[in-house]
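Chemist: Next come the chains, spelled out residue by residue.
Protein chains: 2
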Amino acid sequence: MLFTEKLSARTRSADSMLCVGLDPDPAKFPQCILAEPDPIYAFCEQIVRATAPYVCAYKPQIAYFAANRAEDALERIISLIKSEHPDIPVILDAKRGDIGSTARQYAKEAFVRYNADAVTLSPYMGFDTIEPYFEYPDRGIIVLCRTSNPGGKDIEELVAGGEMVYERIARLAGSSWNRTGQMCLVVGATQPREIASVRRLAPSVPLLVPGIGAQGGDVNAAVAAGLDADGWGMIINSSRAILYAGKDEHFAQAAAEAAISTRDAIRRAKALCRSQ
Amino acid sequence: MLFTEKLSARTRSADSMLCVGLDPDPAKFPQCILAEPDPIYAFCEQIVRATAPYVCAYKPQIAYFAANRAEDALERIISLIKSEHPDIPVILDAKRGDIGSTARQYAKEAFVRYNADAVTLSPYMGFDTIEPYFEYPDRGIIVLCRTSNPGGKDIEELVAGGEMVYERIARLAGSSWNRTGQMCLVVGATQPREIASVRRLAPSVPLLVPGIGAQGGDVNAAVAAGLDADGWGMIINSSRAILYAGKDEHFAQAAAEAAISTRDAIRRAKALCRSQ
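Chains as they are written, first to last, in our numbering: chain A, 4 to 279; chain B, 4 to 279.
Simulated from the structure, these hints should not be mistaken for laboratory data. Think of the CB as a built atom: it goes at the ideal place given N, C-alpha and C, for glycine as much as any other residue. Some hints here could point you the wrong way.
As the list claims (entries may be wrong) - Covered stretches of chain B (in silico footprint by chain A; criterion: 3 or more residues with CB under 8 angstroms from a CB of chain A, positions within the stretch not fixed):
{"hint": "1", "stretch": "9-15"}
{"hint": "2", "stretch": "100-111"}
{"hint": "3", "stretch": "118-132"}
{"hint": "4", "stretch": "154-163"}
To be verified - Calculated pairs, DSBU-like style, for lysine-lysine (alpha carbon to alpha carbon, straight line, at most 35 angstroms):
{"hint": "5", "chain 1": "A", "residue 1": "250", "chain 2": "B", "residue 2": "111"}
{"hint": "6", "chain 1": "B", "residue 1": "111", "chain 2": "A", "residue 2": "85"}
{"hint": "7", "chain 1": "A", "residue 1": "156", "chain 2": "B", "residue 2": "111"}
{"hint": "8", "chain 1": "A", "residue 1": "111", "chain 2": "B", "residue 2": "250"}
{"hint": "9", "chain 1": "A", "residue 1": "85", "chain 2": "B", "residue 2": "31"}
Chain A with its partners taken away, still in its complex shape:
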């Protein structure tokens, strides 16, 4: 099954556009997890078991595993999601950006070693950073487009040939770059006007939207700006606000409650759009 089909099916069956980002930071773990023999795996496992009914996808951020020599835990947590929830796609957030044979190694890392359904990529070096991933035509390719950090202005906002760099990326991802139909775009939640502009340029491309929750984006405005023509097409990510909602041994329950309330806020935002 293609990534975009799997994502679309899961989004509709769970009636959820919430993606939970798995950014396991031992410095933020409750004491009970630190006492486990494999704290990173144990933490992610409990988060997945508690939140699975409420999500459209999981997005492990590889840096948190790599910094802690925990690639093995990442392999096992993706394996757990695939075996217990085969309908939930896994997005490996790695923002890889290289070309040629090196990019093919990164594609192998993401799609063979970790068996992720999709991977995030950085487009600085152009289309060549994306093309090698087409060798896995069923997997999703999620390209950085517009990010909400202050430094986003340094390149993304530059105007060249009458359009901003991020608009150019959106336009290309919505047309010639989207060879397998498996392309998605990363668009930060804090600037709804820019989400709307990306949606116009790439009408049917799913948007991965970080910045809900800990990063303070406005759910209603982001959803109104980013829905596709069918009223779906968004993967709205929350990491810290869900993972670290609780600080004690009830953290998994707290995460589930935070996931439910975020999912419901997104549902309400979506309903608001339909009624207009």
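Since the structure of chain A is already known, use the hints to place chain B on it.
Modeler: Leaving out everything else, chain B in the frame of chain A:
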């Protein structure tokens, strides 16, 4: 010791601006290495032992290790370089590009876990992708600027505000972004005119130049364009043309010979500039 000082000292003492890229690809290994219990480590170890006298730096490309579940081999090969050749800096080629707490995890991966002297970064998300690395003020930060692949035109060549995107990156890396004096730039070898333009915009920033050897750049033209005012300031990388110079059990000797001839070609190119 600061990365740029270590690099400068080694470049001068070895009279070499050659960097050997460690891109271990088991599909290209000689049979004798495939028979080893840990082929990736064994291959890199023999390459390092054979080529160390001729290099100013090593540049392991993390994708080749990650695709093959060989992070452990990468740790040990860097450890070997550090213990046997403490004056040779190690550049981790990872092209990371993220912000905030995620970037801090990537910095920990590069500088604590792997103990690399420098890391390569992608600037798409702007200065925020670089700033977290200043927490390690002695380590090198090597930012993608101008790459020689065809897709380099997609973003790097765009003209905004009277300069190309890569010229803007060069200008910033040569000024306000270079807070710790540890910044370097990646500039492909195939377009000497562009190397010269980057050198003008960032006169004292070391340039990491891939594209010599297998990628076909002209050594004389690249060196003439990229030397700094002292006649140094370049890290000229060759990977495949050295690693895979030989295909049988004498591969390490063949790699040493390829390293010597590339180092010498760079030396001659440098002498040519001095005599003009």
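Chemist: If a hint holds in the structure, say so; if it doesn't, say that too.
Modeler: Status of the hints after comparison with the structure:
no.	hint	result
1	9-15	violated (count 0)
2	100-111	holds (count 10)
3	118-132	holds (count 8)
4	154-163	holds (count 9)
5	A:250 to B:111	24 angstroms, holds
6	B:111 to A:85	29 angstroms, holds
7	A:156 to B:111	26 angstroms, holds
8	A:111 to B:250	24 angstroms, holds
9	A:85 to B:31	33 angstroms, holds
Taken one by one, the earlier hints fail for this structure only at number 1.
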